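Chemist: Take these sequences, add in the hints, and give me the full structure.
As you go down the protein sequences, you meet chains A and B in turn. All residue numbers for the first sequence refer to the working numbering, where the first residue is 4 and numbers rise by one. All residue numbers for the second sequence refer to the working numbering, where the first residue is 68 and numbers rise by one.
The hints are simulated quantities; they were obtained by calculation from the structure and are not laboratory data. Model, not experiment: these values are computed from the prediction. It is possible that part of the hints are untrue.
What the hints assert, rightly or not - Subject to a maximum C-alpha distance of 27 Å in a straight line, what follows is the list of computed DSSO-like cross-link-like pairs (lysine-lysine):
{"hint": "1", "chain 1": "B", "residue 1": "K131", "chain 2": "B", "residue 2": "K81"}
{"hint": "2", "chain 1": "A", "residue 1": "K106", "chain 2": "A", "residue 2": "K72"}
{"hint": "3", "chain 1": "A", "residue 1": "K106", "chain 2": "A", "residue 2": "K52"}
{"hint": "4", "chain 1": "B", "residue 1": "K81", "chain 2": "B", "residue 2": "K133"}
{"hint": "5", "chain 1": "A", "residue 1": "K25", "chain 2": "A", "residue 2": "K72"}
{"hint": "6", "chain 1": "A", "residue 1": "K80", "chain 2": "B", "residue 2": "K133"}
{"hint": "7", "chain 1": "A", "residue 1": "K106", "chain 2": "A", "residue 2": "K25"}
{"hint": "8", "chain 1": "A", "residue 1": "K106", "chain 2": "B", "residue 2": "K131"}
{"hint": "9", "chain 1": "B", "residue 1": "K108", "chain 2": "B", "residue 2": "K87"}
{"hint": "10", "chain 1": "B", "residue 1": "K108", "chain 2": "B", "residue 2": "K131"}
{"hint": "11", "chain 1": "B", "residue 1": "K133", "chain 2": "A", "residue 2": "K106"}
{"hint": "12", "chain 1": "A", "residue 1": "K52", "chain 2": "B", "residue 2": "K81"}
{"hint": "13", "chain 1": "B", "residue 1": "K87", "chain 2": "B", "residue 2": "K133"}
{"hint": "14", "chain 1": "A", "residue 1": "K80", "chain 2": "A", "residue 2": "K61"}
{"hint": "15", "chain 1": "B", "residue 1": "K108", "chain 2": "A", "residue 2": "K25"}
{"hint": "16", "chain 1": "A", "residue 1": "K61", "chain 2": "A", "residue 2": "K25"}
{"hint": "17", "chain 1": "A", "residue 1": "K52", "chain 2": "A", "residue 2": "K25"}
{"hint": "18", "chain 1": "B", "residue 1": "K108", "chain 2": "B", "residue 2": "K122"}
{"hint": "19", "chain 1": "B", "residue 1": "K87", "chain 2": "A", "residue 2": "K106"}
{"hint": "20", "chain 1": "B", "residue 1": "K108", "chain 2": "B", "residue 2": "K81"}
{"hint": "21", "chain 1": "A", "residue 1": "K106", "chain 2": "B", "residue 2": "K122"}
{"hint": "22", "chain 1": "A", "residue 1": "K106", "chain 2": "A", "residue 2": "K61"}
{"hint": "23", "chain 1": "B", "residue 1": "K108", "chain 2": "B", "residue 2": "K133"}
{"hint": "24", "chain 1": "B", "residue 1": "K108", "chain 2": "A", "residue 2": "K106"}
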Amino acid sequence: AQSVAQPEDQVNVAEGNPLTVKCTYSVSGNPYLFWYVQYPNRGLQFLLKYITGDNLVKGSYGFEAEFNKSQTSFHLKKPSALVSDSALYFCAVRGGRGTGFQKLVFGTGTRLLVSP
Amino acid sequence: GAVVSQHPSWVICKSGTSVKIECRSLDFQATTMFWYRQFPKQSLMLMATSNEGSKATYEQGVEKDKFLINHASLTLSTLTVTSAHPEDSSFYICSVTDNLNTEAFFGQGTRLTVV
Chain A
4 AQSVAQPEDQ
14 VNVAEGNPLT
24 VKCTYSVSGN
34 PYLFWYVQYP
44 NRGLQFLLKY
54 ITGDNLVKGS
64 YGFEAEFNKS
74 QTSFHLKKPS
84 ALVSDSALYF
94 CAVRGGRGTG
104 FQKLVFGTGT
114 RLLVSP
Chain B
68 GAVVSQHPSW
78 VICKSGTSVK
88 IECRSLDFQA
98 TTMFWYRQFP
108 KQSLMLMATS
118 NEGSKATYEQ
128 GVEKDKFLIN
138 HASLTLSTLT
148 VTSAHPEDSS
158 FYICSVTDNL
168 NTEAFFGQGT
178 RLTVV
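Modeler: What follows is the structure, encoded as structure tokens:
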């Protein structure tokens, strides 16, 4: 069964500094990887995904993520953080076809706090 | 991407009553919808997979008689929390996936408080 680990409950960064939110995964077959952001009392908003192709994926709001197969990681990054980026971030994985493909498994979430 | 609308956004109900939450796919015909539950400061836990025209598939540990799911059309799935109790208070979120199952789109969520 697939699983996702987000080792940090919270990440603190000053505005203007680069940020990284970590994610590692475990899945049979080729992974479909996603990052979502959640603001208080709201649903999840899609940021980016990796299905195949370039390991560096660019997404919404200046975010990007790097797929590293050998380290089974998919860390979320942004070169310059904004206060408005403060939110809860979820990494998710869907297994390759034939392995519970439709089910999306989420990490525990990482709260990003960007200080002015 | 698909637009998913959930209603209501929040609801307060008395213990013992039932509450219905609607999930609509506004611009996309969804044969499958997913219902998640999120406790405070925790991740999303998949409750069930709602299949249009057939019975929902529930995850282990989720009571199907407690959380009734109906997916009568390609654009609407409903989750009914029956005989609600305070421990059912939570944030419920639905989602749909695109035809290639490569991306999920989420409703804005429903905050249920049982008093």
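Chemist: Now, for every hint given, state plainly whether the structure supports it.
Modeler: Cross-check of the supplied hints:
With a C-alpha separation of about 21 Å, the suggested pairing of K131 of chain B with K81 of chain B holds against the 27 Å cut-off. Restraint check for K106 of chain A and K72 of chain A: satisfied, since their Cα atoms lie roughly 21 Å apart, inside the 27 Å limit. Taking the CA atoms of K106 of chain A and K52 of chain A, the gap is about 15 Å. The hint holds against a cut of 27 Å. Restraint check for K81 of chain B and K133 of chain B: the C-alpha separation of about 16 Å stays at or below 27 Å, so the hint holds.
This hinted pair checks out: K25 of chain A and K72 of chain A have alpha carbons roughly 14 Å apart, not beyond 27 Å. For the suggested pair K80 of chain A and K133 of chain B, the alpha carbons sit about 41 Å apart, so the restraint of at most 27 Å is broken. Proposed proximity of K106 of chain A and K25 of chain A is supported: the alpha carbons are some 21 Å apart, at most 27 Å. Distance hint between K106 of chain A and K131 of chain B is fulfilled; the C-alpha atoms sit about 18 Å from each other, no more than 27 Å.
As the CA atoms of K108 of chain B and K87 of chain B are separated by approximately 24 Å, the hinted pair is consistent with the 27 Å bound. Taking the CA atoms of K108 of chain B and K131 of chain B, the gap is near 25 Å; set against the 27 Å cutoff, the hint holds. Note on K133 of chain B and K106 of chain A: the hinted pairing holds, with a Cα-Cα distance of about 22 Å set against a maximum of 27 Å. Taking the CA atoms of K52 of chain A and K81 of chain B, the gap is about 41 Å. The hint is violated against a cut of 27 Å.
Annotation: proposed proximity of K87 of chain B to K133 of chain B holds, straight-line Cα distance about 12 Å (limit 27 Å). Of the pairs offered as hints, the one joining K80 of chain A and K61 of chain A holds, with about 10 Å between alpha carbons and a cut-off of 27 Å not exceeded. Proposed proximity of K108 of chain B and K25 of chain A is supported: the alpha carbons are some 18 Å apart, at most 27 Å. For the given pair, K61 of chain A sits about 16 Å from K25 of chain A by alpha-carbon distance, which is consistent with the 27 Å threshold.
Distance hint between K52 of chain A and K25 of chain A is fulfilled; the C-alpha atoms sit about 15 Å from each other, no more than 27 Å. As the CA atoms of K108 of chain B and K122 of chain B are separated by approximately 31 Å, the hinted pair breaks the 27 Å bound. With a C-alpha separation of about 24 Å, the suggested pair K87 of chain B and K106 of chain A falls inside the 27 Å cut-off, and the hint holds. Between K108 of chain B and K81 of chain B the alpha-carbon distance is near 24 Å, which keeps this suggested pair within the 27 Å criterion.
Distance check on the hinted pair: K106 of chain A and K122 of chain B sit about 17 Å apart at the alpha-carbon level, within 27 Å; holds. Between K106 of chain A and K61 of chain A the alpha-carbon distance is near 24 Å, which keeps this suggested pair within the 27 Å criterion. At roughly 24 Å between alpha-carbon atoms, K108 of chain B and K133 of chain B fall within 27 Å of each other, so this suggested pair holds. Between the alpha carbons of K108 of chain B and K106 of chain A the distance comes to roughly 22 Å, so the proposed pair stays at or under 27 Å and holds.
Checked against the numbered hints listed earlier, the structure breaks hints 6, 12 and 18; every other hint is satisfied.
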